[in-house]
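Chemist: Letter by letter, the chains look like this.
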Amino acid sequence: MRVVLGEDLFLLREGMERLLEAHGCTIVASVDNAPELLRALVDERPDVAIVDVRLPPTFTDEGIQVALEARRRVPGLPVLVLSQYVEQLYARELLADGAGSVGYLLKDRVLNSGQFIEAVRRVADGGTAMDPKVIEKLLHNRARQEPLDSLTQRELEVLGLMAEGRSNAGIAESLFVTDKAIGKHINSIFSKLQLLPSRDDNRRVQAVLTYLNVATA
Amino acid sequence: MTDGSRTDDQPARQGRNWLTAGWLAMGRGLTMFFLGLAAVLLAWFAIVGTSLTLLGFGLFLVPGLVTALRWSANTQRRLTGNTGVRIAEPYGPAPRAEGGWKGAWRKCVAVFTDSATWRDMLWAQCAVTVTGLLAILPFASLVHGLFGMLLPFIWEPVVQSWDGTWYLFVPVRGQESAWIAGGLGLLEIPVGLLVAPYVLRLHARITRSLLAPTAKARMGRRVEHLARTRTDVVDSSAAEIRRIERDLHDGAQARLLAMGMKLSAAESLLDENPEAVRTLLAETRDASMRALEELRDLVRGIHPPVLADRGLVDAVRSLALESRLQVQVTAGVPDRPEPAVESAAYFAVCELLANATKHSGARRVLIDIQYRANALAVSVTDDGHGGAGPESGSGLQGVQRRLAAFDGTLGISSPVGGPTTVSLQIPCALTVTP
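For the record, the sequence lines run as chains A and B.
Using the numbering used here, read the first sequence as starting at 1 and increasing by one per residue.
Using the numbering used here, read the second sequence as starting at 1001 and increasing by one per residue.
Among the hints, erroneous ones may be present.
[Said to hold, decoys possible] A few chain A residues that don't get close to chain B, going by computed Cβ distances all over 12 Å:
#1 Val-28
#2 Ala-172
#3 Leu-195
[To be verified] Here are the simulated SDA-like cross-link-like pairs (lysine to any residue), alpha carbons at most 20 Å apart as the crow flies:
#4 A:Lys-137 x B:Leu-1321
#5 A:Lys-133 x B:Arg-1364
#6 B:Lys-1262 x B:Arg-1246
#7 A:Lys-137 x B:Ala-1354
#8 A:Lys-137 x B:Arg-1364
[What the hints assert, rightly or not] Ranges of calculated distance between the beta carbons of each label pair, as one might list FRET restraints:
#9 B:Asp-1335 x A:Lys-184: 35 to 45 Å
#10 A:Ala-96 x B:Thr-1020: 26 to 36 Å
#11 B:Gly-1260 x A:Phe-10: 38 to 48 Å
#12 A:Leu-196 x B:Ser-1288: 21 to 31 Å
#13 B:Gly-1260 x A:Val-74: 17 to 27 Å
#14 A:Asp-32 x B:Gly-1220: 54 to 64 Å
#15 B:Ala-1227 x A:Val-74: 58 to 68 Å
#16 A:Thr-178 x B:Leu-1366: 21 to 31 Å
#17 B:Ser-1288 x A:Thr-178: 46 to 56 Å
#18 A:Pro-57 x B:Glu-1240: 22 to 32 Å
#19 A:Ala-96 x B:Gly-1387: 36 to 46 Å
#20 A:His-23 x B:Pro-1339: 33 to 43 Å
#21 B:Ile-1244 x A:Ala-96: 52 to 62 Å
In case anyone wonders, no lab produced these hints; they're calculated from the structure.
Just so you know, these numbers come straight off a predicted model, no measurement behind them.
All residues carry an ideal CB built from backbone N, CA and C; glycine is no exception.
I would like the entire structure built from these sequences, with the hints used as guidance.
Modeler: Dropping the structure here:
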């Protein structure tokens, strides 16, 4: 897997490089500022980009801006954004083009290397990986989301884990049920949200977008 | 906080025909004359009350009398406002409520040291003589005109009892001259109606010079306001720093210490009990995540990242996304205000939204952020059951205090049964980004 890394803190960048290489990734570019990152993403077209939100020159939301710009130029370019904070607003902006292949995680998640690498793979494969914090807040605010009213509690849980970017096996494991049961829940979610059968991965993204209440184009 | 006396006179007769305006002005003039009469009586009562302070019980009399005088002066200010000449209230803040001799003494001192009291007294003296005569002039022209119109019918007894009667410039000697007087009287009434609004405006201007706060008083109040808000700001930022210090000390700092201790325990167990080391390391990792979380919350409480990144409007949008209520945000802010103003507005909106969530029973909230007339205007409207007021919680008072530091104001409209609208205004200039 070819990875472009955009992170301005040297220690973190080095740590992530080591972690990714240990899991068989190739770092094709590793930069510490926004303009260079955009150039690297457009030139290298990596399998996945891992991007910090705050980057020089202004240390505000360059990471998000670069990710959005790169995906405008290279549609569907897989980007995993890491941040010290998760903001619903940024999560929605990333998801808004409806193309999937995006992730938005707290930097803390890097500490759990297994899950982090799984999220990276998921995004590279066209899925989504949203931070549990984003999901958690949405669960609190569920009262206002009409399309999801028809789902059962269990189905919501499954959808939440799907949004985090877990595989069927991963979801089964964390809910202590079989893969088959999860498959059934997922099919029921698809039909309740009226997502027509197509490629499964795409439907997963659509379901997650509905969950996150993002209007798809 | 600033007074309105500098606002320019508005046309007194906007959108009305001269007749209605004339009648209105006449009536108002008459009212003002009687008000002046009441004021001069009150002023003399107050002076008598003042002389009674020497006997002691006057102390209790004076504040009440002065309050009555102020009421009449304020009524005059309000009436004058009708003609388009606005007059601000010049009085200093009332002293803290206190009973007994001491409280009465304090009130008296406050009343007597306020230059506005003496200016009120001066106004009361003029209110009947100078300005009062002016105010009643239009009405007098009506009465005089009517008298003139009656003269052709009653000139005989009048001339008999009042030798050498003149009507305006016509000596009334017989029926013929009485008819001339009648014609003049007929003419005088419309002339009086026509000039009445202008006379009243002149009256308003003279009254303003007497009743408006002096430049010195304005400055004094401004200085007082600035001193008070500065103290509030300093106090609240000191409290904020104490809170941050405590949070760091009890939270992240303690957790880092515990992590260090766990790591050194793991180090000493490394050879003999690798299984225990694994548990300790897992615990340490969890502790580090919790420390990060606490630091994150702390930073968010000081200055939310989206606010720093994107500014007020997006920060409020983000707040709306995270709210349990259905929050709609509309905005028209061409550029970013200065950071301090943004921050004050943001935390005010936070507080208002939290209030709506906790107390109002609302389902939907509308937040509108606009920049107009050199001020940031934010309104938060919910469809809850209403009944909110600054006294119903310290939250709104806190917001008010924080806004006061920027000369901002807070307005609440919350009838029982809802809806509640809280609007805030913060004067500011937009920083133009390159």
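Chemist: Hint by hint, say whether it matches the structure.
Modeler: Hint-by-hint comparison with the structure:
no.	hint	in the structure
1	Val-28	28 Å, holds
2	Ala-172	23 Å, holds
3	Leu-195	23 Å, holds
4	A:Lys-137 x B:Leu-1321	9 Å, holds
5	A:Lys-133 x B:Arg-1364	24 Å, violated
6	B:Lys-1262 x B:Arg-1246	23 Å, violated
7	A:Lys-137 x B:Ala-1354	16 Å, holds
8	A:Lys-137 x B:Arg-1364	18 Å, holds
9	B:Asp-1335 x A:Lys-184: 35 to 45 Å	53 Å, violated
10	A:Ala-96 x B:Thr-1020: 26 to 36 Å	59 Å, violated
11	B:Gly-1260 x A:Phe-10: 38 to 48 Å	23 Å, violated
12	A:Leu-196 x B:Ser-1288: 21 to 31 Å	45 Å, violated
13	B:Gly-1260 x A:Val-74: 17 to 27 Å	45 Å, violated
14	A:Asp-32 x B:Gly-1220: 54 to 64 Å	56 Å, holds
15	B:Ala-1227 x A:Val-74: 58 to 68 Å	59 Å, holds
16	A:Thr-178 x B:Leu-1366: 21 to 31 Å	47 Å, violated
17	B:Ser-1288 x A:Thr-178: 46 to 56 Å	34 Å, violated
18	A:Pro-57 x B:Glu-1240: 22 to 32 Å	30 Å, holds
19	A:Ala-96 x B:Gly-1387: 36 to 46 Å	40 Å, holds
20	A:His-23 x B:Pro-1339: 33 to 43 Å	42 Å, holds
21	B:Ile-1244 x A:Ala-96: 52 to 62 Å	36 Å, violated
Checked against the numbered hints listed earlier, the structure breaks hints 5, 6, 9, 10, 11, 12, 13, 16, 17 and 21; every other hint is satisfied.
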